[in-house]
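Enquirer: Below are the chains, spelled out letter by letter.
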Amino acid sequence: MYHLKENGLNRRAFIKAGVVGTATALLAPPVLADTLQQMADANPLAFPKPVFRKLGRTGINITTVSFGAMLTPEPEVIRVAIDHGVNYIDTARKYMNGKNEETVGKAVKGVRDKLFIATKTLPESKSKAEIVRDVETSLKTLGTDYIDVIQLHNLTGKDRIFSPETREALTQLKKQGKVRFCGVTTHKNEVEVLNALVDDPDRFFDTCLVKYNFKSDKILATAIDRAATAGIGIIAMKAMVGGYDVTGMGRITPYQAALKWVLQNPKVTAAIPGMKDMAQLKEDITVMGMPFTYADLRRLDHYDQAIAKFYCTFCGSCEVGCPHGVEISTVNRALMYAEGGYRNISLARDTYAELPRQASAATCLNCEGCSARCVNGLDIAGKMGHARTVLA
Amino acid sequence: MKMLLMVVLLSVYAPLITHAAGDMGGFLPASYCGAGWKIDGKTIFYDRDTLSDRINGEAELYMPYGFDRMATARYSSEKTPAAGIDVEIYRMASLLDSFGIYSNYRQKGGQRINIGADSNLSGSQLFLYQGRYFIHIQITGTDSSHSEVLAECAKLVASSLPGERNRPSELSAFDRPEMVKGTERYIPQSLLGYDFLNRGIMAEAVIGGANFQLFRLVGNDARSVSASFDRFKSQLAKVEIAIEGKDAAVLEGVDPLYGPMIVLKKVDCLVGALRFVDKKGIRNMLESVCR
Chain A
340 MYHLKENGLN RRAFIKAGVV GTATALLAPP VLADTLQQMA DANPLAFPKP VFRKLGRTGI
400 NITTVSFGAM LTPEPEVIRV AIDHGVNYID TARKYMNGKN EETVGKAVKG VRDKLFIATK
460 TLPESKSKAE IVRDVETSLK TLGTDYIDVI QLHNLTGKDR IFSPETREAL TQLKKQGKVR
520 FCGVTTHKNE VEVLNALVDD PDRFFDTCLV KYNFKSDKIL ATAIDRAATA GIGIIAMKAM
580 VGGYDVTGMG RITPYQAALK WVLQNPKVTA AIPGMKDMAQ LKEDITVMGM PFTYADLRRL
640 DHYDQAIAKF YCTFCGSCEV GCPHGVEIST VNRALMYAEG GYRNISLARD TYAELPRQAS
700 AATCLNCEGC SARCVNGLDI AGKMGHARTV LA
Chain B
5 MKMLLMVVLL SVYAPLITHA AGDMGGFLPA SYCGAGWKID GKTIFYDRDT LSDRINGEAE
65 LYMPYGFDRM ATARYSSEKT PAAGIDVEIY RMASLLDSFG IYSNYRQKGG QRINIGADSN
125 LSGSQLFLYQ GRYFIHIQIT GTDSSHSEVL AECAKLVASS LPGERNRPSE LSAFDRPEMV
185 KGTERYIPQS LLGYDFLNRG IMAEAVIGGA NFQLFRLVGN DARSVSASFD RFKSQLAKVE
245 IAIEGKDAAV LEGVDPLYGP MIVLKKVDCL VGALRFVDKK GIRNMLESVC R
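Chains as they are written, first to last, in this note's numbering: chain A, 340 to 731; chain B, 5 to 295.
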């Protein structure tokens, strides 16, 4: 399996990068050839044949790129994915206060028997009554009489896996035919959760939806390997490291590479990227069947290097060094609105205009040199000058 | 010497940092959020990088709406120790964005109470927005309905928030008798699931007893409206162009996802109708929404 170097892209960088245009920086010569090759190969109208893997001991075969529905505005987008073979849809009772389940319910109407639906109980639901209530509500909202995989939402440790009350509720729901399989989801302390699933002598839970991406450490990969070997179906979330905003980046995005990186691990059954429009749908499901190549590895690595120079974390630490109290992080945020994923110049100017004049980049004109320093090496004086041009 | 310099610098500039980092703390009631509901612990803040620690993957929903900071506190019941109210205040990029995230959570059966620009109350939770702020208040640890408790707490929170109680001006185009109240949604990206449409408002309307949906792009200039219109034209089947001029055009056709669709552009305005059964009266309606 390919791995990024240790000092590669971190999660924060990747998310922020999503809203900071990076196309120019990515066009460094070593990547250009790969990118041109990728674009030349692309057929904008073709969807690939679906590729399936078995979801652990559940025995069901699901598409390696399945559908994370949380961000999808309209059911029709999900329906297109279903029409092209995607057969596993993930939602949650919590998303949009249940409205996301409504969207999924509309999308699966008439084709329910051809696919698998996974949803989640509310994170705060711990008692038997609460779990049963959540499932009953989900069934009603989704417009179905069974849920394929019901998941305990957002576990951060092993305790709930062994909770007798939780198991009693889920066992009752299984006996009633309202749920087929039980799983958990985890974003934090994933290794403990995965190991607990394996160490459970009853093997009560069948699946684990786990945050896993090219920034994950080897300990997690080992835990995934152990769990999958024990028959736990592994589904990866946050495969794109949590961000998905490619506006302004053209077609040169690292997301396909990130998705391929996750799926190169045969212990992972599927990934569920959130897809909110047809462009993302096409980009993501095209990955099915594609190998992870050395070019992908370089793409991810170059992306890391490209963004490091010009994204602001808005930490505000540079502001200590400015003797005139310029609110540098707010100015940078306004620039992000203008030039990042938002591309919203009116929002950018409104944000900038909220600053008192003495806290804006105009104050920098009174200085001969900039004493503010960025811990990430940003050229603050340059950015303030740019802000005066773009936002004033 | 360096240490001394650092101490001097920090003492001079610390107030600026505190203001930049913690300016939402004062929006949460310091001691009680309603009679008998006492603050339990400290106010916790989340930013774009840490919001997922609080609400996990759902944090991604907030980012396109320009989320930049959240303050939250828990207030415990003095009578029933297990019961608590969690108050979350999210600062979004603008009034339109706070409305947008609110419109995602608003429930059809929810009750509107006179707090904030709009509010939606159920037995266990309350959503509202005011200015750039979206507020979610939830009661846990009790089975009974506590609407009054939620409303009382919400009033206290809203009273400390900056921002007028007005709705976004972008919604005024939808202030028409044919519109179904409370159905407007603001989508900050990929309206209708099309990346070329970007930001817009959707709402339900009724003409002649039949429901359909309307959308209108927001924040566009004439050039981008024309580009979106042309993209529509290229993807619709059975296109009929009813009017086509430099500033105004109407096209009717069949969209691959939504079926019959009517789209009107007028200078910097682009509106459309979909999911309708009968197109009678719809063009006039689109004209009026574009006015």
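Where hints are given, some of them may not hold.
List of simulated lysine-lysine pairs, DSS-like, C-alpha gap at most 27 angstroms [unchecked claim]: (1) B/112 <-> A/438; (2) B/283 <-> A/445; (3) B/270 <-> A/445; (4) A/479 <-> B/112; (5) B/159 <-> A/467.
Think of the hints as simulated: they come from the structure by calculation, not from any bench. Nothing here was measured: the structure is a model prediction, and the numbers come from that model.
Enquirer: Is the straight-line distance between the alpha-carbon of residue 159 of chain B and that of residue 467 of chain A 27 angstroms or less?
Expert: Measuring from Cα to Cα gives roughly 34 angstroms; hence the hint is violated.
Enquirer: Are residue 479 of chain A and residue 112 of chain B close enough, with their CA atoms no more than 27 angstroms apart?
Expert: holds, 15 angstroms
Enquirer: Is residue 283 of chain B within 27 angstroms of residue 445 of chain A, Cα to Cα?
Expert: Satisfied, since the Cα-Cα distance of roughly 23 angstroms is no more than 27 angstroms.
Enquirer: Do the alpha carbons of residue 112 of chain B and residue 438 of chain A lie within 27 angstroms of each other, as the hint requires?
Expert: Holds - the C-alpha atoms of residue 438 of chain A and residue 112 of chain B are around 10 angstroms apart, at most 27 angstroms.
Enquirer: Sort out whether residue 445 of chain A lies within 27 angstroms of residue 270 of chain B, counting only the CA atoms.
Expert: Violated, at about 33 angstroms.
Hint check: violations occur at hints 3 and 5; the rest are consistent with the structure.
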